[in-house]
Each structure stands twice: as C-alpha cells, then as structure tokens.
Amino acid sequence: MAEIIWGLATSHVPAIGAAMDNGKTEDAYWKPLFDGYAPARAWMAEHRPDVAVIVYNDHANAVDLDLVPTFGIGTAESYEVADEGWGPRPVPTVIGDPELSEHLVKELIDGGFDIATFNRLQVDHGLTVPLSVYCPDPGDAWPCKVVPLLVNVLQYPQPTAARCLALGEALGRAIRSYPKDIKVAVFGTGGMSHQLAGARAGLINQRFDRMFLEKIEHDPRALAALSREEYMEQAGTEGLELIMWLVMRGALGDDIVRIHDTYHVPASNTAAALALFEVTGASRGERAAA
Amino acid sequence: MSKARDNYVLDVSTVRRGYALNRMCGSLTQPENRRRFLADEAAYCDEYGLSPEQKRAVLERDWTAMLELGASIFYTVKLAMVDRKSLQDLGGVFTGMSTEEFIAAMRSGGRIYG
Numbered sequence: 001m002a003e004i005i006w007g008l009a010t011s012h013v014p015a016i017g018a019a020m021d022n023g024k025t026e027d028a029y030w031k032p033l034f035d036g037y038a039p040a041r042a043w044m045a046e047h048r049p050d051v052a053v054i055v056y057n058d059h060a061n062a063v064d065l066d067l068v069p070t071f072g073i074g075t076a077e078s079y080e081v082a083d084e085g086w087g088p089r090p091v092p093t094v095i096g097d098p099e100l101s102e103h104l105v106k107e108l109i110d111g112g113f114d115i116a117t118f119n120r121l122q123v124d125h126g127l128t129v130p131l132s133v134y135c136p137d138p139g140d141a142w143p144c145k146v147v148p149l150l151v152n153v154l155q156y157p158q159p160t161a162a163r164c165l166a167l168g169e170a171l172g173r174a175i176r177s178y179p180k181d182i183k184v185a186v187f188g189t190g191g192m193s194h195q196l197a198g199a200r201a202g203l204i205n206q207r208f209d210r211m212f213l214e215k216i217e218h219d220p221r222a223l224a225a226l227s228r229e230e231y232m233e234q235a236g237t238e239g240l241e242l243i244m245w246l247v248m249r250g251a252l253g254d255d256i257v258r259i260h261d262t263y264h265v266p267a268s269n270t271a272a273a274l275a276l277f278e279v280t281g282a283s284r285g286e287r288a289a290a
Numbered sequence: 001m002s003k004a005r006d007n008y009v010l011d012v013s014t015v016r017r018g019y020a021l022n023r024m025c026g027s028l029t030q031p032e033n034r035r036r037f038l039a040d041e042a043a044y045c046d047e048y049g050l051s052p053e054q055k056r057a058v059l060e061r062d063w064t065a066m067l068e069l070g071a072s073i074f075y076t077v078k079l080a081m082v083d084r085k086s087l088q089d090l091g092g093v094f095t096g097m098s099t100e101e102f103i104a105a106m107r108s109g110g111r112i113y114g
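Heads up: the protein sequence lines correspond to chains A and B, in order. Number 111 in the numbering used here belongs to position 111 of the first sequence; there are no gaps in the numbering. Number 46 in the numbering used here belongs to position 46 of the second sequence; there are no gaps in the numbering.
Same shape as in the complex, but just chain B (with noise of 0.2 Å):
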C-alpha cells in the first residue's frame, strides 16, 4: 500500500491526469455497469482507458494509489461502495489504523486539528 501524503487537492491538471479513473469509479453508481465492472474488472478498466499505473491502483484496491494518480476521494469512494466499504474503512487505510481505531477516533471528537 501507498504511504498518503497530508492533502489531496484536485486541481484542474489533476482533473486531467484522473480523468479516466474518476470517469471510471463515476459510473459505478449505474447497476449495469456495476456488474460488468464485477464480471471483469480489468476489461472494464481498459474499456474506460485507465493507465497501467490506475488499472494497478484499481485491481489492487490501492486507495493511496488512487489518490495519486490523480482520483478525486468523490469518486473512489463509488468504487469503494462496490466491495460495500465506507469512508470510514478508507479513512483507516489513509491513516493507517484499522476501521475500528478510525470510527473510535472520530467518536472521540476526531483527529484534533486546531
């Protein structure tokens, strides 16, 4: 897995670097295309022209990855939904704690900023 960086910004030439993957993750919300994304993932993938680097990034479920490659977290987490998991299990993944340390930090007023 990536180590993540503090900030995602997704300025317009990350918009064009993640065009194709957050095309991609976008239309997961359509049923249809959800079970042909299922039925072959990497098909899918090349159908919607991700880069090697992304289509790696996707099979791989590598959500730091993802980000770097220029994804936008609005639509990684449609691709998330699809294996039914929740910002809360990304948010572990980018801090490296576990979904359950995740959802007790934030219940403990969150991670302290300010």
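For reference, chain A alone in the conformation it holds in the complex (with noise of 0.2 Å):
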C-alpha cells in the first residue's frame, strides 16, 4: 500500500523561481531566503519519494475564466511547462502518474469530492517553484512523478479553509488505499500573507504569518474555522493561497513531526515561508503500521 512520507508547505513566488534559474540564490536579496531552506533541502534530498501531490493553483496561463474549476486534478502522463510570457522555466517537463490519478479521483468522488480533471494541462510557476524548493538542481529530469491538484483561489468565492482541510483529510484516506508500494509527498503552496493590487499592496502580516506557522502543525482546525473574508483581511486578497497548505495538512493525519521552517521578507511583494512535516505512525499508511 502506498504510504504519506512528508509534507512540504512553501511559497510558490515567481521570483523564488527565476532567482534559481538566473544564479541568484547568493545575492544579498535571495541569500538569507535559500539559507532558511537548506535544512529541509538536504532532509528531502535523503527522503526522496516516488510522487508528489502538488496542491496549487494556476495564474491565468492555462486555466482562464472560461471555467473556473474550484478543485481538479491533472490526468495526464505528462504535463508542459507554461510559457507565462517570459519563455517557458528552464526546467524539465513535469512526469505524472496517471495511475495514481485515476485513483485518487475516483476516491475523492466516492467521498464527495466532485472534482474535475484535467487531462491536459500546462503547470505555471505554482506548482514548478515548489518543485525547485524541493530538489534545486534537477537536471534532465525531476526526481519523482507529480499529481497536480488544483484549487481556485482567484475568483471569489474561493473554497472554504475548512472544505480545502476536509479535501486534504479524503485525500490522504485515498493516498494511503493506493494498493502500489510507493512513498508519497503531498506539497501545499502558495502564501503567505501578501497583496498584489489596490491600496493595500506590499501588505505582510508576520504576526498572522507566524500564528499560521505554528498552528499548521498541530491546530489545524483553527485556521479551518478562519472565513475567507478574514484571509483576505489579515493576510491579503492573495494571502488567502494559505487555504491550499490546509489541503496539505489534511492529508497527512495527526502523527507528524516538524522537521524545519523558515519565514522571510520580502520575497518579491510577498512573506516567503517553508515549513517541512515528516509523517510518522499510523498517519503513514497501512504498510507502515503493519
């Protein structure tokens, strides 16, 4: 049976990304930022799993406003990198499992979850900055495959935190019925607090960063019980993306331990963090508690 090995919460800022791919990492701007996530960078690289559920959201390059799916789930065998204007990222094209997929999706309807699929799919600078905050110099190909799981934070009404947490809790009961031995890592993404556009640009708020920091981990029902009005008040319109870790958090059960996080300002307009859960016990899967 498949097993939950970890889960990585992080920032999917643009600019985190073309920092790596234009040698940036070691300016004074971008070092103390890739200094924080060094810990959980070697702790991965030494916990490497064979998937990847990457819970994100597109940024106007393949999902427009012609539909606005609130959940999906990519299908396909493999998905393009998007070209967002600048030429497509420099990285390699991102392997699905399409197995795993069809898994996944039949369970989560069978539990309530009417999701939509995507059979083909360009994957933006949200889901492919996560992949290079796990694993920085992938060469020819990323170290494992990826299940794009997308949710609709653009277009009020958004989710509520509290159905993205019940989503994350079906997606772990569907990960852990997998009947193939592989190891999973479920990434959420996105946040922290930061506003793009209106008076309230350049918004941080480190004291609801921080309080989302520490809660993730082991109060995760609090910040589920947060509106969507009081995320886009406190941690701005597009602070509201933190519903996505609480898809994350809910995946990987109640048996987990930090493993490192960071936090820092400015990434670009936004609070940039990292948090890093291992899974232990029975929160892993069958075949871990046999």
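Hints should not be assumed to be uniformly reliable.
[Stated by the list, open to error] Reference listing, derived: stretches of chain A covered by chain B, where coverage requires no fewer than 3 residues with Cβ under 8 Å from a Cβ of chain B:
1) 50–64
2) 151–165
3) 259–272
To be clear, the hints were calculated from the coordinates, so they are not data collected in a lab. What you are looking at is a predicted structure, and each value in this text was computed from that prediction instead of being measured. Note that the Cβ used here is the ideal one computed from N, Cα and C, for glycine as well.
Make one complex out of these two single chains by using the hints.
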C-alpha cells in the first residue's frame, strides 16, 4: 500500500524560481531565503518520494476565466511547463502518474468531492517553483512523478478553509488506499501574507503568518475555522492562498513531526515561508502501521 | 491616474464585467499576440471587444482604472510585462509610491498590517 512520508508547505512566488534560474540565490536579496531552505532540502534529499501530489493554483496561464473549477486533478502522462510570457522556465517537463491520478479522482468523488479532471494541463510557477524548492538541481528530470491538484483561489467565492482541510483528509485516505507500494509526499503551496493590487498592495502581516505557521502543525482546525473574508482581511487578498496549505495538512493525518521551517520577508511582494513535516506512525499508511 | 481602493475582489460579476479585458491581457503571453498588440494597441483591444473605458485604461496604462473595470491583477501583470514593468512598479502605482520607495518598503518588512 502507498505511504505518505512527508508534507511540504512552501510559497510559490515566481521570483523565487527566477532567482534560481538566473543564478541569483547568493545575492544579498535572496541569500537569507535560500539559506533558510537548506536544512529542509538536505532532509528531503535523504527522503525521496516516488510521487509528489502538489496542491497549487494556476495564475491565468493554463486555466482562464472561461471555466473555473473549484478543485481539479491532473490526470495526464506529463505536463508541459507553461510559457507565462517570458518563455517557459528552464526546468524539466513534469512527469505524471495517471494511474494514481485515476485512483485519487475515483476515491475523492466517491468520498463526496466532485473534482474536475485536467486531461491536458500546462503547469505554471505555482507548481514548478515548489518543485524547485524541493529539488534545486533536477538535471534532465525531476526526481519524482507529480500529480497536480488545483484549487481556485483567484475567483470569489473560493472554497472555504474548512472544505480545503476536509479535502486534504479525503486525499490522505485516498493515497493510503492506493494498492501500490509507493512513497508519496504532499505539497501545499502559496502564501504567506501578500497583496498585489489596491491601496493595500505590499501588505505583510507577520503576526498572522507566525500564528499560521505554528497552528498548521497541531491545530489546523483553528485555521480551518477562519472565513475567506478573514483570510483576505488579515493575510491580504492573495494571502488567501494559504487555504492550500490546509489541503496538504489534512492529508498528513495526526502523527507528524516538524522537521524544519523558515520565514522571510520579502520575496517580491510576499512574505515567504517553508514548513516541512515528517509523517510518522499510523498516519503514514497501512504498510507503516503493519 | 485613478485612485485605488484598498482591496479588489474578483467575484463572479467582476469576472463578467472584466471578461474581455482579462482575456485580452491573458493573450499577451504569446509572442505573436504581443507583436500584434504593440503594432496597433487600439485595434487589438477592439478585436477582443473591450469597452471604450477599458480600452482607454489600457492605452493610457491606467492600472487602477483597469481594476475598477473588472481586471484581475493576474491578467494585467501580463500587460505590465509587455512594458517590462514588474509587480513592484504596479505596487508603487497602487500605493502612490515610486517603485524604489515600494521596494524599500518591502525590504523593511512590508507595509505592516496586524
């Protein structure tokens, strides 16, 4: 049976990817952020998953306003890297795991989550930057397959934080019921506090971010109880992306250990963070519990 | 330049109002579309069915007016990229700061809230 081995929460700011792509990670602006990543990257390099389920949102690149699925799962063999207007990032094509995707879609729909499927999908910085945070030098191929899980955070009303946590819990059950002996990691991406437009552009709320970073570990229900309006007011209109961390958190289950976290302002117009959790005991899945 | 409100929320009616404008901006990720836009911006706006107000906002690069007329920042940033402008440039516009002042504010911890 499949096991969930760890969960990674990380910002997906495009400039973080650009800093890596353009060799700027040692610059004074970026060094503190990338130094903060180092312990997590070293640990993840020793704990490689076979598949990463990456919870993210598209940024008007592959998904337009013609059709806005609240939740969707990629079901393709592979996912091309999107050209967001400055050419695709120079990173490998993302390889899918269509068999696992199909299993997750069926289990989630049977579990009450009527999820959309993306049979063709280009992946933008929302997915590729977190992959680069995990693996900065992939060479010709990423070290794992990927199942993209998309959440609408652009168009109001976005799904509630409570629904995202519940989706994560269902996702966790679905992964653990997959009959193949594979190791799976779950990524929750986006955040932390930021706002790109309006007179509040540049908003950073460290107090909210620190509270969120702490509670995501052992009190995610407190975060799930916040309304989308509270997220937008406190974390900024785009800080609402933090609801995607709750999908990841729900999938991990109760038994987790915080391996590392880091928090840095600014990355572009954003407060950037990373939090890495190892899944232990029964929460990993049946194989680990046996 | 229009004055920005605190927050812009892209609800369903805003998406409907801003549909043509956002669709036009979204098309600019493709090099051929950028070339045609730059060759005749007004004609390109007409091709996408922008309202006269939306077209004026685009031609004058009135970034706040675009938001008022239904734009999403995730779409207008693609127009900004055509002009080689960044989200820091736009942040300055929305907050009444120069780009340098906006970047400095971010580097000193952001525009503190909470």
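- Item | Hints breached by this structure | Hint check: nothing fails, all pass.
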